[in-house]
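Trainee: So the protein lines, in turn, are chains A and B.
Number 367 in numbering that gives the first Met the number 0 belongs to position 368 of the first sequence; there are no gaps in the numbering.
Number 323 in numbering that gives the first Met the number 0 belongs to position 324 of the second sequence; there are no gaps in the numbering.
Heads up, some of the hints might be wrong.
Repeated chains share a single entry, so a pair holds when one copy, or any two copies, can fit it.
Subject to a maximum C-alpha distance of 35 Å in a straight line, what follows is the list of computed DSBU-like cross-link-like pairs (lysine-lysine) [what the hints assert, rightly or not]:
#: 1; residue 1: Lys358; residue 2: Lys112
#: 2; residue 1: Lys112; residue 2: Lys25
#: 3; residue 1: Lys280; residue 2: Lys32
#: 4; residue 1: Lys221; residue 2: Lys70
#: 5; residue 1: Lys37; residue 2: Lys280
#: 6; residue 1: Lys242; residue 2: Lys360
#: 7; residue 1: Lys360; residue 2: Lys70
#: 8; residue 1: Lys221; residue 2: Lys25
#: 9; residue 1: Lys37; residue 2: Lys358
#: 10; residue 1: Lys24; residue 2: Lys280
#: 11; residue 1: Lys360; residue 2: Lys32
#: 12; residue 1: Lys280; residue 2: Lys25
#: 13; residue 1: Lys360; residue 2: Lys24
#: 14; residue 1: Lys24; residue 2: Lys358
#: 15; residue 1: Lys358; residue 2: Lys25
#: 16; residue 1: Lys221; residue 2: Lys32
#: 17; residue 1: Lys220; residue 2: Lys280
#: 18; residue 1: Lys358; residue 2: Lys242
#: 19; residue 1: Lys24; residue 2: Lys242
#: 20; residue 1: Lys242; residue 2: Lys25
#: 21; residue 1: Lys358; residue 2: Lys220
For the record, the hints were derived by calculation from the structure and aren't laboratory data.
Protein chains: 2
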Amino acid sequence: MQVGLLGHGVVGSGVRRIIDDMNAKKNACLCIKRILVKDENEMVEDRMTRNIDDIILDQDIQLVVECMGGKEPAHTFVERALESGKHVVTSNKKMLASYGDELFELARKNGVKLLYEASVGGGIPWMAELRRIRRIDDIECFEGIFNGTTNYILSRMDAEGCEFDEMLVQAQSLGYAERDPSDDIDGYDVAYKTALSCLAAFDCYVDPQEIPVWGIRNITKKDMEYANEHGFSIKLLGKGEKKDGILQCSVMPCFVPRGGTFASVPLNYNAISSVSETLGKAVFTGQGAGSLPTAHAVVQDMLDIATGADIAEHSITACSVDESTEVTCYIRNCSIPVQYVSEKVDADTVITVPLSYAKLKELTDNTRGVMVIEVKK
Amino acid sequence: MQVGLLGHGVVGSGVRRIIDDMNAKKNACLCIKRILVKDENEMVEDRMTRNIDDIILDQDIQLVVECMGGKEPAHTFVERALESGKHVVTSNKKMLASYGDELFELARKNGVKLLYEASVGGGIPWMAELRRIRRIDDIECFEGIFNGTTNYILSRMDAEGCEFDEMLVQAQSLGYAERDPSDDIDGYDVAYKTALSCLAAFDCYVDPQEIPVWGIRNITKKDMEYANEHGFSIKLLGKGEKKDGILQCSVMPCFVPRGGTFASVPLNYNAISSVSETLGKAVFTGQGAGSLPTAHAVVQDMLDIATGADIAEHSITACSVDESTEVTCYIRNCSIPVQYVSEKVDADTVITVPLSYAKLKELTDNTRGVMVIEVKK
Numbered sequence: 000m001q002v003g004l005l006g007h008g009v010v011g012s013g014v015r016r017i018i019d020d021m022n023a024k025k026n027a028c029l030c031i032k033r034i035l036v037k038d039e040n041e042m043v044e045d046r047m048t049r050n051i052d053d054i055i056l057d058q059d060i061q062l063v064v065e066c067m068g069g070k071e072p073a074h075t076f077v078e079r080a081l082e083s084g085k086h087v088v089t090s091n092k093k094m095l096a097s098y099g100d101e102l103f104e105l106a107r108k109n110g111v112k113l114l115y116e117a118s119v120g121g122g123i124p125w126m127a128e129l130r131r132i133r134r135i136d137d138i139e140c141f142e143g144i145f146n147g148t149t150n151y152i153l154s155r156m157d158a159e160g161c162e163f164d165e166m167l168v169q170a171q172s173l174g175y176a177e178r179d180p181s182d183d184i185d186g187y188d189v190a191y192k193t194a195l196s197c198l199a200a201f202d203c204y205v206d207p208q209e210i211p212v213w214g215i216r217n218i219t220k221k222d223m224e225y226a227n228e229h230g231f232s233i234k235l236l237g238k239g240e241k242k243d244g245i246l247q248c249s250v251m252p253c254f255v256p257r258g259g260t261f262a263s264v265p266l267n268y269n270a271i272s273s274v275s276e277t278l279g280k281a282v283f284t285g286q287g288a289g290s291l292p293t294a295h296a297v298v299q300d301m302l303d304i305a306t307g308a309d310i311a312e313h314s315i316t317a318c319s320v321d322e323s324t325e326v327t328c329y330i331r332n333c334s335i336p337v338q339y340v341s342e343k344v345d346a347d348t349v350i351t352v353p354l355s356y357a358k359l360k361e362l363t364d365n366t367r368g369v370m371v372i373e374v375k376k
Numbered sequence: 000m001q002v003g004l005l006g007h008g009v010v011g012s013g014v015r016r017i018i019d020d021m022n023a024k025k026n027a028c029l030c031i032k033r034i035l036v037k038d039e040n041e042m043v044e045d046r047m048t049r050n051i052d053d054i055i056l057d058q059d060i061q062l063v064v065e066c067m068g069g070k071e072p073a074h075t076f077v078e079r080a081l082e083s084g085k086h087v088v089t090s091n092k093k094m095l096a097s098y099g100d101e102l103f104e105l106a107r108k109n110g111v112k113l114l115y116e117a118s119v120g121g122g123i124p125w126m127a128e129l130r131r132i133r134r135i136d137d138i139e140c141f142e143g144i145f146n147g148t149t150n151y152i153l154s155r156m157d158a159e160g161c162e163f164d165e166m167l168v169q170a171q172s173l174g175y176a177e178r179d180p181s182d183d184i185d186g187y188d189v190a191y192k193t194a195l196s197c198l199a200a201f202d203c204y205v206d207p208q209e210i211p212v213w214g215i216r217n218i219t220k221k222d223m224e225y226a227n228e229h230g231f232s233i234k235l236l237g238k239g240e241k242k243d244g245i246l247q248c249s250v251m252p253c254f255v256p257r258g259g260t261f262a263s264v265p266l267n268y269n270a271i272s273s274v275s276e277t278l279g280k281a282v283f284t285g286q287g288a289g290s291l292p293t294a295h296a297v298v299q300d301m302l303d304i305a306t307g308a309d310i311a312e313h314s315i316t317a318c319s320v321d322e323s324t325e326v327t328c329y330i331r332n333c334s335i336p337v338q339y340v341s342e343k344v345d346a347d348t349v350i351t352v353p354l355s356y357a358k359l360k361e362l363t364d365n366t367r368g369v370m371v372i373e374v375k376k
């Protein structure tokens, strides 16, 4: 199967390398015919082009692999590829979480596949495993560490007892965090991945902007110490659950018990768990990012398409997050308005109170001196 | 696809339940036509028979699912099924690890599949993930907690500071350990699973009796305390590695660092990790036993056969374990013959020495007061 590759950055170049290596070693069923690049100085081999039409209009190309990142022009190019009857594989969580409903409908109408393993959990075979489990079970719920940057910061804060700001600077200097780290540390990256996981687990399309999101910016050394004293660590978790037609999902820092599934997930790794009827709890851990692990996940999707793997089609419905859901929150050093809590909370007091998603969303992450963390039972 | 199910015990009855439920809910592609049972009093429905010929000679049955356990008659029945051109799915590690070379050759000759997901790691999709990773990468090595009974005993010894014998009795009273617990606690169960993992990871058939095996019978409260003081826990690990044509594999209790992959795997769970070139390290955790999780794994294999999943055929070669491999052993309170260690070791002295697999195999697990543990670098 001939492939058009969009983007030749961290992930795209990894995909090219893996596919070219497979072709060099054995009879591979995939071959990259054209590679779309952005700048003139990236045009280092004959396959490269700066014109998307060289891929969309090429009848030999049956599969388009999008590794450009960002919403546009990735979204338009994927749309055009699907409309031309080409299968699409994408690693672009932001684009797919934002336009998923429209793009999956387009794929269905044109009788082609749209796969997105690499967009969530990097090298972890999360989407493939959800598909596999769903051949037998309904998924009851999932939760996971979906972001390596925040896990790196929290793990080091936990191990070394330092403040958030110090660790952020260190993560930036090591290349684990971007110069503008907001997408990661404020939880938006995890919100995209949680939305895509709801799609794969429950056939629910949920707008990532509707998901209650709470980042890790306000977590201090003191909070981590408090967690430690009580046998917990703090991790940023994305969660989804569907019960009796009601969808609950959230992104928030959580107290996770030491010795449990998530407390010891190291540095920039990701770990995701699902619960389903007959399989029970299953946990998948691996590299959540990086050129080759993410490219590996892209190539797995490409192989599923090329070998005609039996991929069930599910009809997707738009869903809203149930805002009446209550979670138990840990609040300290509080400037939180009194209507949200039953008692007046002074500086340095720690309380746990039940708050609904709706109330949580009224508060902003910047409410001075407030941190909200779900307390897991 | 019509199925003949051999055995209706813990796993077999789970398989029947899942398949019957799938048929009740939707158009399933699998249907259980006959069920082989042992005793007259198990004959509770029309599909049941005590005559294997009712399954082997039935031309409509294309798939035989073996959940009987034990070497015979399971081995003979699987042989007959393969010879009659029927696909086979088995959950029987002992039988398959002992006759694997012959049975895979028989399957190849008759153009049928022989799958065995449930035989290793219960509900963990270990075999399917190895197949999937190997579409792209060679597997460099694997290691894992493959046995729930020993993990239960070691986890509780670690958490509660009690002695091995106490925990074994407790595990037996809870049904986690059998009345004759030798297969589990002396490591033979893990040896079968390690042998089958070598088959799936490296295409190496290794006789389980050739694998250096060291159980957990001699581990004391004092050993666990020593591990704890040095930042470790103790887990029974099965391992395999193939490098430059040399196969190393072993089953032995290991010091594993706290905060690492294995230290916090709870109670009767299993966890297995692989390392490969582009994916890097991947870890799979889940229920290692139990009726429904294990049956789930059996049904996944059945679905792969029924849907004609693209399962690569590998040619298997018989391999020997390299006995010159040295591991670092922790020895205390020692009655070990002096030729094995460079110094005389008194009671209560702790030393660590390098010993080869060959030397380890000369010692028996019952050498008084000795414990051998690989010290992980």
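Trainee: For each hint, tell me whether it holds in the structure or not.
Mentor: For each hint, the structure was consulted:
For the identical chains of this complex, Lys358 and Lys112 are neighbours neither inside a copy (39 Å) nor across copies (56 Å), given an alpha-carbon limit of 35 Å. For the homomeric pair Lys112 and Lys25, the shortest alpha-carbon distances inside one copy (26 Å) and between copies (23 Å) are both at most 35 Å. Proximity of Lys280 and Lys32 under a CA criterion of 35 Å is satisfied inter-copy only: 31 Å between copies versus 42 Å inside one chain copy. Neither within a single protomer nor between protomers do Lys221 and Lys70 lie at most 35 Å apart by alpha-carbon distance, with minima of 38 Å and 58 Å respectively.
Taking identical chains as interchangeable, the C-alpha atoms of Lys37 and Lys280 lie at most 35 Å apart only when they sit on different chains, with a minimum of 32 Å there against 43 Å within one chain. Proximity of Lys242 and Lys360 under a CA criterion of 35 Å is satisfied intra-copy only: 22 Å inside one chain copy versus 54 Å between copies. With identical chains, the CA atoms of Lys360 and Lys70 are at most 35 Å apart within one copy only, with a shortest distance of 25 Å there and 60 Å across copies. Taking identical chains as interchangeable, the C-alpha atoms of Lys221 and Lys25 are never at most 35 Å apart, the minima being 56 Å within one chain and 53 Å between chains.
Taking the closest pair of Cα atoms, Lys37 and Lys358 never come within 35 Å of each other, the shortest separation being 44 Å inside a single copy and 61 Å across copies. Only between protomers do Lys24 and Lys280 lie at most 35 Å apart by alpha-carbon distance; the minimum there is 23 Å, versus 38 Å within a single protomer. With identical chains, the CA atoms of Lys360 and Lys32 are never at most 35 Å apart, being 47 Å at best within one copy and 55 Å at best between copies. Taking the closest pair of Cα atoms, Lys280 and Lys25 come within 35 Å of each other only across two copies (24 Å); inside a single copy the shortest separation is 38 Å, beyond that limit.
Within a single copy, Lys360 and Lys24 get their C-alpha atoms no closer than 53 Å, and across copies no closer than 39 Å, so neither meets the 35 Å cut-off. In this assembly of identical chains, the alpha carbons of Lys24 and Lys358 never lie at most 35 Å apart, being 57 Å within a copy and 40 Å across copies at closest. In this assembly of identical chains, Lys358 and Lys25 lie within 35 Å of each other by CA distance neither inside one copy nor across copies; the values are 58 Å within and 41 Å between. Neither within a single protomer nor between protomers do Lys221 and Lys32 lie at most 35 Å apart by alpha-carbon distance, with minima of 55 Å and 63 Å respectively.
Taking identical chains as interchangeable, the C-alpha atoms of Lys220 and Lys280 lie at most 35 Å apart whether they share a chain (32 Å) or sit on different chains (30 Å). For the homomeric pair Lys358 and Lys242, the shortest alpha-carbon distance inside one copy (21 Å) is at most 35 Å, but the shortest distance between copies (57 Å) is not. Taking identical chains as interchangeable, the C-alpha atoms of Lys24 and Lys242 lie at most 35 Å apart only when they sit on different chains, with a minimum of 18 Å there against 48 Å within one chain. Proximity of Lys242 and Lys25 under a CA criterion of 35 Å is satisfied inter-copy only: 21 Å between copies versus 47 Å inside one chain copy.
With identical chains, the CA atoms of Lys358 and Lys220 are at most 35 Å apart within one copy only, with a shortest distance of 26 Å there and 50 Å across copies.
Hint check: violations occur at hints 1, 4, 8, 9, 11, 13, 14, 15, 16; the rest are consistent with the structure.
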